[in-house]
Amino acid sequence: MKEVILLKNGEIALKGLNRRTFEDMLVKNTRRRLNSLCNWQFHIAQSTVTAIPDEEIDMDEAVEICSKVFGFVALSKALSVEKDMDIIREQTGEYLKDELLAAKTFKVNARRSDKKFPLTSPEICMEMGGVILSAFPHLSVDVHNPDVIVNIEVRDNSAFIHGNQIKGAGGMPIGSAGKAAILISGGIDSPVAAWMMAKRGLQLEAIHFASPPYTSERAEKKVYDLLKKVAAYSGRIRLHVVPFTRIQEEIKDKCPEELFTILMRRYMMRISERIAADNDCGALITGESVGQVASQTLYALACTDSVVSMPVFRPLIGMDKNEVITVSRKIDTFDISVLPFEDCCTVFTPKHPRTKPKAYYVEQAENLLDSDALIDEAIASVRTLMING
Amino acid sequence: MEYYLDNSATTPVCEQAITAMTDALVRGWGNPSSLYSKGVEAEELLSEARENVSARLGCRSEELFFTSGGTESNNIALLGTANAMRRYGRRVVISSTEHSSVDETATKLEESGFEVIRLKVDGNGRISEEDLYRAINKNTVLVSVMAVNNEVGTIQPVKEIRRAVKSAGSPAIIHCDAVQAFCKLPLLKPSALSVDLMSISSHKIHGPKGAGALYVKGGFKKDRAGVRVSPRTFGGLQESSLRPGTEPVPAIVGFGAAAKAMPNTEKIYPRIEALRDYLLSGLSAIGGITVNSPTDSLPYITNISTGVNSEPMMNFLSSRKIYVSSGSACAKGHKSYVLSRMGLSDAEISSALRISFSHLTTTEDVDMLLQGIEDGKKSIRTA
Numbered sequence: 008m009k010e011v012i013l014l015k016n017g018e019i020a021l022k023g024l025n026r027r028t029f030e031d032m033l034v035k036n037t038r039r040r041l042n043s044l045c046n047w048q049f050h051i052a053q054s055t056v057t058a059i060p061d062e063e064i065d066m067d068e069a070v071e072i073c074s075k076v077f078g079f080v081a082l083s084k085a086l087s088v089e090k091d092m093d094i095i096r097e098q099t100g101e102y103l104k105d106e107l108l109a110a111k112t113f114k115v116n117a118r119r120s121d122k123k124f125p126l127t128s129p130e131i132c133m134e135m136g137g138v139i140l141s142a143f144p145h146l147s148v149d150v151h152n153p154d155v156i157v158n159i160e161v162r163d164n165s166a167f168i169h170g171n172q173i174k175g176a177g178g179m180p181i182g183s184a185g186k187a188a189i190l191i192s193g194g195i196d197s198p199v200a201a202w203m204m205a206k207r208g209l210q211l212e213a214i215h216f217a218s219p220p221y222t223s224e225r226a227e228k229k230v231y232d233l234l235k236k237v238a239a240y241s242g243r244i245r246l247h248v249v250p251f252t253r254i255q256e257e258i259k260d261k262c263p264e265e266l267f268t269i270l271m272r273r274y275m276m277r278i279s280e281r282i283a284a285d286n287d288c289g290a291l292i293t294g295e296s297v298g299q300v301a302s303q304t305l306y307a308l309a310c311t312d313s314v315v316s317m318p319v320f321r322p323l324i325g326m327d328k329n330e331v332i333t334v335s336r337k338i339d340t341f342d343i344s345v346l347p348f349e350d351c352c353t354v355f356t357p358k359h360p361r362t363k364p365k366a367y368y369v370e371q372a373e374n375l376l377d378s379d380a381l382i383d384e385a386i387a388s389v390r391t392l393m394i395n396g
Numbered sequence: 273m274e275y276y277l278d279n280s281a282t283t284p285v286c287e288q289a290i291t292a293m294t295d296a297l298v299r300g301w302g303n304p305s306s307l308y309s310k311g312v313e314a315e316e317l318l319s320e321a322r323e324n325v326s327a328r329l330g331c332r333s334e335e336l337f338f339t340s341g342g343t344e345s346n347n348i349a350l351l352g353t354a355n356a357m358r359r360y361g362r363r364v365v366i367s368s369t370e371h372s373s374v375d376e377t378a379t380k381l382e383e384s385g386f387e388v389i390r391l392k393v394d395g396n397g398r399i400s401e402e403d404l405y406r407a408i409n410k411n412t413v414l415v416s417v418m419a420v421n422n423e424v425g426t427i428q429p430v431k432e433i434r435r436a437v438k439s440a441g442s443p444a445i446i447h448c449d450a451v452q453a454f455c456k457l458p459l460l461k462p463s464a465l466s467v468d469l470m471s472i473s474s475h476k477i478h479g480p481k482g483a484g485a486l487y488v489k490g491g492f493k494k495d496r497a498g499v500r501v502s503p504r505t506f507g508g509l510q511e512s513s514l515r516p517g518t519e520p521v522p523a524i525v526g527f528g529a530a531a532k533a534m535p536n537t538e539k540i541y542p543r544i545e546a547l548r549d550y551l552l553s554g555l556s557a558i559g560g561i562t563v564n565s566p567t568d569s570l571p572y573i574t575n576i577s578t579g580v581n582s583e584p585m586m587n588f589l590s591s592r593k594i595y596v597s598s599g600s601a602c603a604k605g606h607k608s609y610v611l612s613r614m615g616l617s618d619a620e621i622s623s624a625l626r627i628s629f630s631h632l633t634t635t636e637d638v639d640m641l642l643q644g645i646e647d648g649k650k651s652i653r654t655a
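Residue numbers (our numbering), protein chains in the order written: chain L, 8 to 396; chain G, 273 to 655.
Hints listed in this document are in silico derivations from the structure and should not be mistaken for laboratory results. Do not take every clue at face value.
[Said to hold, decoys possible] Heads up, simulated DSSO-like pairs for lysine-lysine below, C-alpha to C-alpha not over 27 Å straight-line: (1) G:Lys593 - L:Lys228; (2) L:Lys228 - G:Lys481; (3) G:Lys650 - L:Lys259; (4) L:Lys9 - L:Lys75; (5) G:Lys649 - L:Lys358; (6) L:Lys235 - L:Lys15; (7) L:Lys358 - G:Lys650.
[To be verified] If the Cβ cut is set under 10 Å, some of the chain G residues that face chain L in the computed set are: (8) Asn581; (9) Glu583; (10) Pro584; (11) Leu589; (12) Ser651; (13) Arg653.
[Claimed, not checked] The calculated label-pair distances, taken between Cβ atoms and stated as ranges, are: (14) L:Leu392 - G:Asn355: 45 to 53 Å; (15) G:Ser612 - L:Lys228: 22 to 30 Å; (16) L:Glu10 - G:Gly507: 35 to 43 Å.
From the three backbone atoms N, C-alpha and C, an ideal C-beta is built for every residue, glycine too.
Please work from the sequences and hints to get the whole structure.
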């Protein structure tokens with residue numbers, strides 16, 4: 008008898024011949040995350056991963072960790088017992104005591120994949136319903152909307168008893184969709200964008216542009232803290248910090264003010280594409296949404312995209328700020344994002360930014376700068392650090 | 273090399289304090305309240321520290337009560353006095369540029385039915401004596417004015433408060449936040465300034481963080497007349513029950529050792545003045561810099577506006593290991609209300625820097641700073 012975690016696969020059950028690869032990734036991701044607690048054994052059968060700890064540990068913490076692993080739609084702690092109806096009868100009420108005492112209604116769900124088990128699923132339901140009703144007389148059965156669903160799963164090697172499942176993080180296993188680079192600032196949007204793409208199975212590299220002395224060490228620490236929250240879902244992230252002061256000062260000194268932002272974005276994209284390519288990424292990710300600020304008009308987005316050939320993913324493109332904030336609260340990045348350390352100094356913000364930048368003028372402005380040398384210089388001084396999930 | 277010029281935020285811990293604290297941790301770890309010799313030993317360390325600090329402040333050791341620091345001392349002084357004195361009246365008078373541990377505590381008093389008068393300051397950051405006389409009336413139960421302002425170094429006319437209180441026939445208790453003044457401002461003695469309560473802190477005088485003290489004139493005895501202040505925490509006989517809880521002996525011992533090790537306030541003062549003058553002449557040679565501190569401020573603190581935003585300037589200096597602040601360290605990233613109440617423009621406030629000395633500051637530190645500010649002004653782009 009042992010407490011385990013049952014994790015239900017999501018869409019990867021549909022992946023046909025690739026299913027095995029996806030499942031292996033999922034197990035690898037889960038193992039890496041759970042290893043901070045103890046060593047684990049994993050079994051995969053019928054779209055369910057069973058995680059079995061080698062030691063007695065805080066299972067609630069383990070469930071919390073697993074609830075952030077992409078690729079599972081639902082999960083729960085479960086008691087793994089011998090396939091013996093006497094034991095199941097005896098243990099169910101005991102194991103689910105707290106949940107059942109707090110509930111008013113319940114129903115029993117039984118599943119039997121081992122067809123040699125003497126009782127059929129409906130028979131297990133009947134039997135266990137009776138056992139629970141007599142042990143917890145305050146309860147009544149509600150098959151449509153019960154407070155607690157008592158699950159009895161009889162599988163090949165053992166039987167599992169568990170109560171209500173919690174929602175998993177959904178999505179696809181990290182790494183199953185390849186790798187992409189997120190351009191991260193200290194704001195609300197980019198961590199949300201990173202999380203959304205990680206959810207679709209992308210492994211993340213992060214690129215942050217630092218402009219000391221206009222931005223402070225604390226602003227960089229903020230980016231680190233934000234990525235730490237994202238990494239709880241995405242697994243480890245490599246952060247590339249690009250020194251950007253020189254380029255911003257050159258733009259400020261030589262180019263027309265209304266183009267500052269668009270020029271800055273174009274340089275960021277160029278540098279990011281090179282870092283992304285060097286690190287085997289197939290796409291860039293940004294936290295932009297249409298119309299939010301001057302650099303996020305359709306014209307401006309087109310103008311920034313035109314300097315790179317890699318696809319640029321903007322998962323927030325159609326979202327309102329409030330919708331983004333809702334997600335940022337859910338993934339716990341909001342409170343860090345709103346800390347006051349400036350991540351983009353107002354010195355380089357034009358008073359009247361151009362909202363419909365013409366390619367010709369932008370290119371002419373860039374011709375005033377030694378772009379290649381500036382970009383090479385910035386890339387040569389990139390600092391890289393690892394953020395563990 | 274580091275060039276630390278933010279001594280009003282905190283100071284490096286001196287050797288004497290480290291040695292004394294190590295000894296207190298290794299040998300004197302007993303509970304001072306225990307009756308056996310291990311406890312007595314710790315208690316002796318505690319009384320030695322109390323002797324050191326009170327000697328330095330110029331009061332009797334029975335009048336000094338250890339706390340966790342300046343903020344707690346100020347909180348006990350304000351909340352404790354207001355509570356003990358509420359039947360005599362409901363008016364509290366403070367200056368409008370007090371440290372947030374006084375200002376925000378006063379706001380709490382307002383919420384519980386007190387009337388708080390915040391005295392305006394002039395362009396030098398100083399309250400006027402006329403305002404003081406006008407604000408204090410028979411209903412006034414507490415007057416709290418800092419000895420030295422933490423952001424600009426303005427010295428307040430604390431001594432005048434007693435006369436104003438007397439002439440109004442007010443029962444008011446007088447409190448002085450002397451955190452920035454202790455061991456720095458000559459003639460700070462509580463009896464000479466005629467105050468009833470005074471807050472001081474360890475980590476501003478090269479002691480460790482986590483220790484401070486509240487001076488209470490005549491001492492504090494529960495259920496006995498004297499200065500009227502009541503405890504804000506309960507549950508023990510330590511510090512005469514004014515601040516119960518097992519004493520952090522090592523921190524207090526460090527505080528005592530630091531107080532003893534600080535150089536003579538009066539003797540070192542001319543050297544600090546000379547250093548400040550050296551700084552000011554260097555700044556005027558750079559040009560384009562305004563000095564926000566009054567000419568007669570405490571020479572340890574100089575507040576200036578450089579014309580370049582504080583944050584990039586601070587970061588620029590920090591990259592050369594020159595450390596200054598943009599105002600009070602407690603106000604990370606917020607605009608200074610002290611400077612704005614002194615009537616400075618937004619541009620001056622957003623480019624303000626606070627440079628604060630200790631007796632360890634050298635001309636080399638100042639030279640590095642001047643060079644840094646000059647280079648920063650040249651290279652940092654402004655909007």
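Hint check against the structure, violated hint numbers in rising order: Hint check: nothing fails, all pass.
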